[in-house]
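Chemist: Sequence:
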Amino acid sequence: MKILVTGAAGFIGFHTAKQLLERGDTVVGLDNFNDYYDVNLKESRTTVLDDYDKFSMVRIDLADRDAMEALFAKEKFDKVIHLAAQAGVRYSIENPHAYIDSNIVGTLHILEGCRHNDVQHLTYASSSSVYGANTTMPFSIHQNVDHPLALYGATKKANELMAHTYSNLYNLPTTGLRFFTVYGPYGRPDMALFMFTKNIIEGKPIDVFNYGKHKRDFTYIDDIVEGVIRTSDNTATPNENWDPATPDPGTSMAPYRIYNIGNQNPVELMDYIGAIEKRLGKTAEKNLLPLQPGDVPDTWADTSDLANDVGYQPATPVDVGVERFVDWYLEFYKEELN
Numbered sequence: 001m002k003i004l005v006t007g008a009a010g011f012i013g014f015h016t017a018k019q020l021l022e023r024g025d026t027v028v029g030l031d032n033f034n035d036y037y038d039v040n041l042k043e044s045r046t047t048v049l050d051d052y053d054k055f056s057m058v059r060i061d062l063a064d065r066d067a068m069e070a071l072f073a074k075e076k077f078d079k080v081i082h083l084a085a086q087a088g089v090r091y092s093i094e095n096p097h098a099y100i101d102s103n104i105v106g107t108l109h110i111l112e113g114c115r116h117n118d119v120q121h122l123t124y125a126s127s128s129s130v131y132g133a134n135t136t137m138p139f140s141i142h143q144n145v146d147h148p149l150a151l152y153g154a155t156k157k158a159n160e161l162m163a164h165t166y167s168n169l170y171n172l173p174t175t176g177l178r179f180f181t182v183y184g185p186y187g188r189p190d191m192a193l194f195m196f197t198k199n200i201i202e203g204k205p206i207d208v209f210n211y212g213k214h215k216r217d218f219t220y221i222d223d224i225v226e227g228v229i230r231t232s233d234n235t236a237t238p239n240e241n242w243d244p245a246t247p248d249p250g251t252s253m254a255p256y257r258i259y260n261i262g263n264q265n266p267v268e269l270m271d272y273i274g275a276i277e278k279r280l281g282k283t284a285e286k287n288l289l290p291l292q293p294g295d296v297p298d299t300w301a302d303t304s305d306l307a308n309d310v311g312y313q314p315a316t317p318v319d320v321g322v323e324r325f326v327d328w329y330l331e332f333y334k335e336e337l338n
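The letter at position 328 of the sequence shown is residue 328 when you use the numbering used here, and the numbering goes up by one with no holes.
Be aware that one or more of the hints could be misleading.
What the hints assert, rightly or not - Dumping the calculated BS3-like pairs for lysine-lysine here, alpha-carbon to alpha-carbon at most 30 Å:
| id | residue 1 | residue 2 |
| --- | --- | --- |
| 1 | K76 | K2 |
| 2 | K215 | K198 |
| 3 | K278 | K334 |
| 4 | K76 | K18 |
| 5 | K278 | K213 |
| 6 | K213 | K198 |
| 7 | K198 | K282 |
| 8 | K2 | K74 |
| 9 | K334 | K286 |
| 10 | K54 | K74 |
| 11 | K286 | K198 |
| 12 | K74 | K18 |
| 13 | K18 | K2 |
| 14 | K215 | K278 |
| 15 | K213 | K286 |
| 16 | K18 | K198 |
| 17 | K76 | K204 |
| 18 | K76 | K54 |
| 19 | K278 | K204 |
| 20 | K74 | K204 |
| 21 | K282 | K215 |
| 22 | K282 | K334 |
| 23 | K204 | K215 |
| 24 | K215 | K286 |
| 25 | K2 | K54 |
| 26 | K282 | K213 |
| 27 | K54 | K18 |
| 28 | K278 | K198 |
| 29 | K204 | K334 |
| 30 | K18 | K282 |
| 31 | K334 | K198 |
Stated by the list, open to error - Just the calculated beta-carbon pair ranges, DEER-fashion:
| id | residue 1 | residue 2 | range |
| --- | --- | --- | --- |
| 32 | A73 | E336 | 49 to 55 Å |
| 33 | P293 | E335 | 30 to 36 Å |
| 34 | P317 | A73 | 42 to 48 Å |
Honestly, the hints are just simulated from the structure, not real lab data.
Glycine is no exception: its CB is placed at the ideal position from the N, C-alpha and C atoms.
Take the sequences, apply the hints, and build the full model.
Modeler: Structure representation (structure tokens):
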């Protein structure tokens, strides 16, 4: 297979591209290397991928229509795994235009590239943020998701709607994956695990929002990547039993699917912090703060549909995953514990 992985210099994209290369696929990575966070980390991930003969990286912005059209026409991808996006709930409040350019315009260019170049299957990143104001737990793909709490979640819901129209109009198989708080080695510096680890090592206080009462369905990167690749290999098909009188949001009469991809085991934020403290042998100074605008108190993924359809089964407990991240952080940044 020749597979386009967008966001290949990013956290999930890097790990996905690496796993595809290790099984023998040809991978073209795409990334714009923007400075939303440390570009050196993106370059480091790319250096790892460059060691594989079947990998090449193109430095293109998703919003560049001409460049995207030329890339698809030249490469003739078999499949596309679209993981590039402007991420972050809080940053979407500060810089909404970045989310429209990348997540809306960029995804349109991906859909058009797939449509005009006979791509067999598009798998793309959605987010647990689409659940927004929903409070029924666990979150299910069969629930309504019409009340996002921040623009980031709204753009991801829009991506799902855009994908459905292309599945319906052009018979393009599309599958969206709603990611739940992914963590692990090479993770993003704006994520809690990275920031907590850095500050605890440096003896600085950590900001703990919602007074630590959050619960998150923390999902280790290896489990995520396995689910992404299994999903890409399982091309979306129409639901023959789909009923327009009682429409199921997770499926369609078109070749379209939505899945949650999480750990199915919400963990309290204080327990997550405790796992970091245990590995570092240090106690964090905690700055307890109220819930931030756009945040939700809890997340919990019902992944039964993904398990039934592709055999997805997350297997990494939080304490194990946190330890692996901290070990990577200490080695990557040459930190020594006192």
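Chemist: Which hint numbers does the structure go against, in order from smallest to largest?
Modeler: 17, 20 and 30
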